[in-house]
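Single-letter residue listing:
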Amino acid sequence: MSVGLTPTEQVILNMGPQHPSTHGVLRLKLTLEGEVIVGCDPVIGYLHRGMEKIAENRTYAQFIPYTDRLDYLSSASNNEAFVLAVERIASIEVPPRAQYLRVILLELNRIASHLVFVATFANDLAATTAFLYGFREREVIMDLFEMWTGARLTQSWIRIGGVGSDLPEGFEKKAHEFCRMLGPRLAEYDELLTGNRIFRARTEGVGLLPPEAGIDYACSGPTLRGSGVPFDLRRAEPYEVYSRLGFDVVTDEACDCMGRYRVRMEEMRQSVHIIEQCLDQLPQGEVLAKVPRALRPAAGEAYGRVESPRGEFACYVVSDGGTSPLRVRLRAPSFYHMAALPEMVRGWKIGDVVAILGSLDIVLGEIDR
Amino acid sequence: MIEHLKAHFGEDIESAEQVGREVRVRLRPAALVAVCRFCKERGYRYPADITAVDTGSEMRVVYRLVSLDNGEHAVISAGVPRSGASLPSITGVFRGADWPEREVYDLFGVRFVSHPDLRRILLTDDWQGFPLLKTGSVQDR
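Sequences listed follow chains G and X, in order.
Numbering-wise (my numbering), the first sequence opens with residue 646 and increments by one.
Numbering-wise (my numbering), the second sequence opens with residue 15 and increments by one.
No lab work stands behind these hints, which were simulated from the structure alone.
Predicted, not measured: the structure shown is a model, and the values here were computed from it.
Be a bit skeptical, because a hint or two may be false.
Unchecked claim - If you want a taste of the chain G side facing chain X, the calculated C-beta under 8 Å gives, among others: (1) Y834; (2) E957; (3) V963; (4) G966; (5) R974.
As the list claims (entries may be wrong) - One-sided and incomplete, this derived list gives chain G residues near chain X with beta-carbon spacing under 10 Å: (6) E738; (7) Y961; (8) W993.
Stated by the list, open to error - Take a look, some chain X residues computed to stay more than 12 Å from chain G by CB distance: (9) I16; (10) E17; (11) A44; (12) F108; (13) P114; (14) R125; (15) Q142.
Backbone N, C-alpha and C define an ideal beta-carbon position, used for all residues, glycine too.
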């Protein structure tokens, strides 16, 4: 009797649209040969709300709350990209204090988003304790947002010309407390997760993204930096006051799930550093420039790029001089990362898809728009 | 960069101007793939975005290629008719062009010739019409 490889029939497996590890409504059409993935076709659009079309029928200021609903884990980044583009077309000068407040809001958003990443990523890989830890720390940030903006998630606090309001009484003290608290907590995560043998076995060497492929697919953010490419828009094209702040662009040469995880962990520490600098340097003054209520920017176009927690979030706004934009294009980083997923999962098994997809930290709200 | 492009592609470059860190180039569709490859070879390796703009009177597809070395953007646009438009696909130059081209097809109806897998991406397969055209109302189904 000869023992050889048994030819296997290809099987199509639908992962999602309702699947706890797809982080929203995503369907992956996987082609399997035995247990091994030979093809992957992501089916997206379940959350499509026609945001770009809606924008053409709203005034500039009216569209800001819509942007919150794109990447809902870091709504400030979305506000910022849209507002940056509009301010460029309309040549609006933002008061210095407002610029610092924006950075504080953006970086708190980044930490909150990365904490959700660590929590859900760990949970996907069956480390439930880390899930609870992540959400515990994030809750403090949510309280800070609520205190300042009245909202926890969809703040719409970055407005054309500045921010919605100045910091409330006691905010700075609480923010400092949070910054002091987070470092030791992240050290706990490291003990619990980063060196954990199971966690390492699931993530090290899994889902490789070579740097050239990452650039070719227009990947950005921690996904690209986890492949060793030091591309960070806060450095490459500084907006607001980032050029005055000291922080490291975190990269990792591993190109795998672990590399992307480590980049985000270190970025939280850098964000804490940025927030502390902003609180120390915060100048006095106005927080909102005088902007006409019915804004009619001159005809023209601008591209506002922001380093969101996921990567390059950009708004391409075209104006014809009217009160509504002629065209708003929303460039979402997760969309590009999802396009690279089929190549990253090929040759791995279903359990690894969970790890690889989790390591990209996608948000379907911005993919489907 | 503008001089290089004009020297290499001559008549195919309809207009070119430098605005801040953006090199805005308008070209004939026939030269699209060659110009994109030319840019990629000169460091514009990151295909940040592909989209279209319909102003109501004319339509153009806009490609934004970014250089990670000097931070310059090559913003390449090609005019297309508003119905039955087609352009050569640049998926042979940038793998990342696959999905954005599908999206432009899905929402504007531009067909990309030699795209490996041109299907709708955000809307359902049986959707009628292209919602981001100024002529297409949101009620189109």
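### Violating hint indices (sorted, rising)
Violated hints: 1, 4, 6, 8, 12, 13; rest satisfied.
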